[in-house]
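Numbering (my numbering), first residue to last: 1 to 403.
Accuracy of the hints is not assured; some may be wrong.
[Unchecked claim] Listed next, the in silico BS3-like pairs over lysine-lysine satisfying Cα-Cα at most 27 Å (straight line):
id: 1; residue 1: K353; residue 2: K368
id: 2; residue 1: K138; residue 2: K250
id: 3; residue 1: K344; residue 2: K368
id: 4; residue 1: K201; residue 2: K292
id: 5; residue 1: K201; residue 2: K277
id: 6; residue 1: K399; residue 2: K277
id: 7; residue 1: K353; residue 2: K141
[Said to hold, decoys possible] Here are the in silico distance ranges between beta carbons for each label pair:
id: 8; residue 1: G240; residue 2: A82; range: 55 to 61 Å
id: 9; residue 1: P328; residue 2: A82; range: 42 to 48 Å
id: 10; residue 1: G394; residue 2: K353; range: 23 to 29 Å
id: 11; residue 1: G125; residue 2: E152; range: 34 to 40 Å
id: 12; residue 1: N350; residue 2: K399; range: 31 to 37 Å
id: 13; residue 1: I173; residue 2: N350; range: 53 to 59 Å
id: 14; residue 1: T388; residue 2: K201; range: 30 to 36 Å
The hints are simulated quantities; they were obtained by calculation from the structure and are not laboratory data. All values reported here derive from a predicted model rather than from experimental measurement. Note that beta-carbon positions come from the ideal geometry of N, C-alpha and C, so glycine has one too.
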Amino acid sequence: MDDFYAARSRTIPPLPWSNIAPPFSGSPWTLERNSDKMTDEAIVSAVRKFETRNHVFDVTIACRNGSEITYDFTAFDTEQRAATLRRWDRELSDPAIRFQVRVDQQEAAEGYVTNPRYTNELMIGSDTPGITSSDMAKATKLVVRLLPNGGEETLEIDQTDSNVRSVMEACGIGAEPAENADAAGPNDAVLSATAYDLTDKQLISAFTAATGRSPMFTVETDHGSPAYVTPRQLLHMPFGAVLLANLTVKETGHAAAGGIRIYYLKHDGDRFLSSGKFEEIYTSDMGLPPEKITVTGSFTTYPAIYIEDGDGNGGYWSGWVDLIELRPEGPARSDAIPVYYSNKDAIPGNGEKPVELEGKIINIRRDKGFDVVDEKAGIRESYIRSGTKFVRAGGGASKFPDL
């Protein structure tokens, strides 16, 4: 029994906090904007379903008139019949619903609502005794414990979801005021990179299945930069489906690395099932995902992603190709394949001469190798298959310099 309950006697002992419903069961968060027909209040809300073995919960997080956050939990059994919410003890007169909330890693807090509107509905507001909706809104993660007919349930709510954050920002929670108009939002390059086809239901369905999130959410990259994750392309393979998602850093620049995520999924009728795993591929030092991705069958048995990328600094430019084979067991990324170098825009020093090297990939032999050739400069570099990837024959530095 948790310390939280040790000082009280209850007719129904609570289960451990670790007994949490899977966070991605049910439907993803969706954003709604409407108004109350009775009061004409403007309401922005994030809505989703949580499904457990014995219950279905409709959960709504709403901002009313830009000022008050509310949390609404409505409980049903698996046949969609109302499941009355109860309390753990007899300290409160009927009717009353008691609940517990853990905010991030803090100690659990307990609240209660008397005279609820419906016996299967819990509405937590700014004046709820014990813990308020304002306290809950500041959390990254909430764990909410309820007691519907049929057994105790504990739900985990991830409040980093973009739709939930939109509700918070509508009420001024977590929104940072901009110093000027230019700082108010992402730049044009970020807006372009994060755009996706809102009408492509299959792409959005695959993204939701792969991530458990609504399209466009924020993560922290391996380089420590906040980045948007958005759907890009869905590929149908002999062994299932592969989802490509863009990874776009919020503040682009040379210190930031953008790229893509690769998710593997299985078909289940019209639905997608995810393994929960993904591969993160960083391709650019400017914080943006690749502008163009080509899927090719020329190099490998299984289709491969072919990405042309590059970087520049102080008038020096280099370019390379990323080749990622989409194998059944997971993506296999070959060594970077340098194909371009130029210092023609740089200020020469130490007797450096202007040079521009432009390589072409030729002599492609599937699953065996290929060559990179700049005939004008007399450069030929061969690549051979080694395990599941291609490597430059002979090792050593490429004749197409890196920055």
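These are the hints, each one checked on the structure:
With a C-alpha separation of about 36 Å, the suggested pairing of K353 with K368 is violated against the 27 Å cut-off. With a CA separation close to 22 Å, the supplied pair K138 and K250 stays within the 27 Å bound. A hinted pair counts as satisfied when its Cα atoms are at most 27 Å apart, and K344 with K368 does not qualify at roughly 35 Å. As the CA atoms of K201 and K292 are separated by approximately 22 Å, the hinted pair is consistent with the 27 Å bound.
Taking the CA atoms of K201 and K277, the gap is near 22 Å; set against the 27 Å cutoff, the hint holds. Restraint check for K399 and K277: not satisfied, since their Cα atoms lie roughly 37 Å apart, outside the 27 Å limit. The hinted pair formed by K353 and K141 fails the criterion: a straight-line CA distance of about 57 Å is larger than 27 Å. Under the hint 55 to 61 Å, the C-beta atoms of G240 and A82, about 39 Å apart, miss the expected range.
Distance hint for P328 and A82: a CB-CB separation of about 46 Å, consistent with the stated range 42 to 48 Å. The hinted window of 23 to 29 Å between G394 and K353 holds, with their beta carbons roughly 26 Å apart. Judged by the Cβ atoms, the range 34 to 40 Å given for G125 and E152 is violated: they are separated by roughly 23 Å. Here the CB-CB span from N350 to K399 is close to 20 Å, at odds with the stated 31 to 37 Å.
Between I173 and N350 the beta carbon distance is about 56 Å. The supplied range of 53 to 59 Å therefore holds. The hinted window of 30 to 36 Å between T388 and K201 holds, with their beta carbons roughly 34 Å apart.
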